[in-house]
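Model the full structure from these sequences, guided by the hints.
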Amino acid sequence: MKCHEFEPIIISLARGQSVEAAACETALSHLDRCARCASAFEEQRILTVGIRVATESLVNQGASPRIEVALRRAFREQVGRSAPRRINLQPPENWRWSRLVIGAAAAILSLAFLAGTDWLKSAPEKQKREATSLTATPPISGHKEEREKQALAEGRRDQNQKIVSNSGGSRRLSKRQGVRRNVEKANEVATRFYPLVEEGEIAPLESGVIVRVEAPASTLISFGLPITAENINRPVQADLLLGQDGLARAIRFLP
Amino acid sequence: MTPSDDELLRLMMSGVEEAFATLYRRYQGRVFRFALLMSGCPATADDVTQEVFLALLRDPCQYDSSRGALLTYLYGIARKQVLRVLKRSRPFAQLVCETDEEGPAPIRHLISQDDPLNELARNELAGAVRQAVLALPARYREVVVLCDFQEMSYAEAAEALDCSVGTISSRLNRARALLARRLRAGGQAPHVSLDTDRRRCLA
Numbered sequence: 017m018k019c020h021e022f023e024p025i026i027i028s029l030a031r032g033q034s035v036e037a038a039a040c041e042t043a044l045s046h047l048d049r050c051a052r053c054a055s056a057f058e059e060q061r062i063l064t065v066g067i068r069v070a071t072e073s074l075v076n077q078g079a080s081p082r083i084e085v086a087l088r089r090a091f092r093e094q095v096g097r098s099a100p101r102r103i104n105l106q107p108p109e110n111w112r113w114s115r116l117v118i119g120a121a122a123a124i125l126s127l128a129f130l131a132g133t134d135w136l137k138s139a140p141e142k143q144k145r146e147a148t149s150l151t152a153t154p155p156i157s158g159h160k161e162e163r164e165k166q167a168l169a170e171g172r173r174d175q176n177q178k179i180v181s182n183s184g185g186s187r188r189l190s191k192r193q194g195v196r197r198n199v200e201k202a203n204e205v206a207t208r209f210y211p212l213v214e215e216g217e218i219a220p221l222e223s224g225v226i227v228r229v230e231a232p233a234s235t236l237i238s239f240g241l242p243i244t245a246e247n248i249n250r251p252v253q254a255d256l257l258l259g260q261d262g263l264a265r266a267i268r269f270l271p
Numbered sequence: 682m683t684p685s686d687d688e689l690l691r692l693m694m695s696g697v698e699e700a701f702a703t704l705y706r707r708y709q710g711r712v713f714r715f716a717l718l719m720s721g722c723p724a725t726a727d728d729v730t731q732e733v734f735l736a737l738l739r740d741p742c743q744y745d746s747s748r749g750a751l752l753t754y755l756y757g758i759a760r761k762q763v764l765r766v767l768k769r770s771r772p773f774a775q776l777v778c779e780t781d782e783e784g785p786a787p788i789r790h791l792i793s794q795d796d797p798l799n800e801l802a803r804n805e806l807a808g809a810v811r812q813a814v815l816a817l818p819a820r821y822r823e824v825v826v827l828c829d830f831q832e833m834s835y836a837e838a839a840e841a842l843d844c845s846v847g848t849i850s851s852r853l854n855r856a857r858a859l860l861a862r863r864l865r866a867g868g869q870a871p872h873v874s875l876d877t878d879r880r881r882c883l884a
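If you read the sequences in order, they're chains A and B. One rule links them: number in this note's numbering = place in the first sequence (from 1) + 16. One rule links them: number in this note's numbering = place in the second sequence (from 1) + 681.
Derived by calculation from the structure, the hints in this document are not laboratory data. Honestly, I wouldn't trust all of these hints.
If you want a taste of the chain B side facing chain A, the calculated C-beta under 8 Å gives, among others [to be verified]:
id	residue
1	Ser-695
2	Phe-701
3	Leu-801
4	Asp-829
5	Asn-854
6	Arg-855
7	Leu-859
8	Leu-864
Just so we're clear, the structure is a prediction, and the values are computed from it rather than from any experiment. For each residue, glycine too, the CB sits at the ideal point set by N, CA and C.
Laid out in structure tokens, this is it:
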């Protein structure tokens, strides 16, 4: 190996970078023969050590804490909020009761839905039974008067049956609507309420009001809720729970 | 599980302060050290770090993850900020800030106490290297800082400095030659015992 061949790899060797084993072996044998290259290599190795020591001396250094404070303030100003938004994923104690109430309401809605579904299943059978009883063969009678009475009675029954079937149909329709409403109600409570403030940060909730708002779908991400890429720019409906002081305490999202 | 930079950026853009704080804590040290090595002044490094993250905060959409890592992007902003500061203060440039005169105190715990002479020599060497780096022209200094101090690959450094890998390689060679010459002139070389394995490259 000549000096001009050694020079391109001198820094790689000194920095400890991987060099082909054959090239490395040749370079090291060249160092044994060439004092000038050996001196240059030694300088580079010293420099590498110096840089390593200097790097170690800086490893724990970082920006002063006031920078983080200033940046956080700037972030809040940018987001347009005066108070820091800290998300407590563990709900505070008083929210457990709210969760119980929401759970109970969901259970009631589910029961109502199941009852409605059962009724829908049983209604046609009931109607069928009624129709069967109405169309049952009447007892044979030889008397004309009795036949006339029977015919009259049958006519009335037919009318009654029509009325019954009509009213049954309308009732069934209204029941279906009711069931649909129940399903909608059950679907509406899509998420639980997520607290927006930590317990003790503000006054305890004494009374509140729920306000329906629209938020960007990307907000769901911050609460760990799933969202697809195509929906990220679409608004989602949300219910904000405002406390007696007007501050938002919790949020839930609707589908 | 540690959230990725992209996830944190998305959360940050949707208004989650903690996501921004996490990103800041993840990278502020490296941005600060880059600015410190480039400027030699902790106060300037603080300002540059602040400006870098303010830029990210104001316009996060400028970062395109398909073009490179977030850290590379941050280094790019930091470099522009540092060069602006250096250009502005060139007539009054000083190599060492008053607040930086504490010297190599932080490295004491990293060095064996068995050989005080060697420790002293290494501290002197570290200081001399930092001084020599500060004396380099900015275009060489930034390459040394990124490739040698921050241990970035040539490709990453090329991305951060917006130039080719060949340019990085040639500038690094030139910068290291200048540094070696400066250290030789300062008489640092003979006093330091080297602990690097000369045949490590064979592994």
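Of all the hints numbered above, which does this structure not satisfy? Sort the numbers upward. 3, 6, 7
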